Amino acid sequence: EAQVTQNPRYLITVTGKKLTVTCSQNMNHEYMSWYRQDPGLGLRQIYYSMNVEVTDKGDVPEGYKVSRKEKRNFPLILESPSPNQTSLYFCASSRGGGGEKLFFGSGTQLSVL
Amino acid sequence: AQSVTQLGSHVSVSEGALVLLRCNYSSSVPPYLFWYVQYPNQGLQLLLKYTTGATLVKGINGFEAEFKKSETSFHLTKPSAHMSDAAEYFCAVAEWANNLFFGTGTRLTVIP
Chain A
736 EAQVTQNPRY LITVTGKKLT VTCSQNMNHE YMSWYRQDPG LGLRQIYYSM NVEVTDKGDV
796 PEGYKVSRKE KRNFPLILES PSPNQTSLYF CASSRGGGGE KLFFGSGTQL SVL
Chain B
18 AQSVTQLGSH VSVSEGALVL LRCNYSSSVP PYLFWYVQYP NQGLQLLLKY TTGATLVKGI
78 NGFEAEFKKS ETSFHLTKPS AHMSDAAEYF CAVAEWANNL FFGTGTRLTV IP
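For the record, the sequence lines run as chains A and B. When we follow my numbering, the leftmost residue of the first sequence carries the number 736, and every step to the right adds one. When we follow my numbering, the leftmost residue of the second sequence carries the number 18, and every step to the right adds one.
Treat the hints with care, since some could be wrong.
Some residues of chain B that are not near chain A, with every Cβ distance over 12 Å (derived) [stated by the list, open to error]: (1) S31; (2) Q62; (3) T69; (4) L73; (5) F80; (6) S87; (7) E88; (8) P96; (9) M100; (10) E105; (11) I128.
For lysine to any residue, the following SDA-like pairs were computed, each having C-alpha atoms within a straight-line distance of at most 25 Å [unchecked claim]: (12) K66(B) / K804(A); (13) K792(A) / F80(B); (14) K836(A) / E105(B); (15) K792(A) / T22(B); (16) K85(B) / A34(B); (17) K66(B) / T22(B); (18) K86(B) / M100(B); (19) K792(A) / L63(B); (20) K836(A) / V46(B); (21) K804(A) / W113(B); (22) K836(A) / F80(B); (23) K86(B) / V127(B).
Everything labelled a hint here was simulated from the structure, so no lab data went into it. In this text, all values refer to a predicted model and were calculated from it rather than measured experimentally. Backbone N, C-alpha and C fix where the C-beta goes; we use that ideal spot for every residue, glycine too.
So here's chain A without its partners, still in its complex pose (with noise of 0.2 Å):
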């Protein structure tokens, strides 16, 4: 089955703790992607990458890192949580080109206190 799967699902974790949200898709899409969705602000992408070891920032990356070593693996890191990052984690992936279709994983619903 084409999926994109995250984990963990949900995540607690204290101020300044490293932590690392994992995503992995298995359709070999080219394109994968972080967003943040936060009450009222809808989603906001965090960091892209458009082929291996080829990432870029998006709208919100401060705070975040990513890394592209494999095309089907995309690591979001946090390596001082804060609590303004607090917030539902979506990753997403695409074939390459213009128009392609996003797949989504389930989420990750991140608490720092």
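Given chain A, put chain B in place with the hints provided.
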């Protein structure tokens, strides 16, 4: 620069009534336009998209949207609302590749 405006963060309709969710965009080039739906506790799913060609686009579950370049709009409609349509709807625009910018969303409530 791209931006998307969705008018109305909450819309309520009666079951069987017309659904109209509004979306306006700004883009310096002909854009790709999308509507996604999010059901509770789930990720987003594509409803429909406009890339090129016919300006009236039909999607899943009886939804459709019309690209009006002169009005920079891409409103979503459905002739008759069903209870299962209750969800949050997001309009999105991309000027290149798949780099989507999303609107702030419209929560649709369907009243029995």
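task: Return the numbers of the hints above that this structure violates; sort them in rising order.
output: When the structure is compared with the hints, numbers 2, 3, 10, 12, 13, 18 and 23 turn out to be violated.
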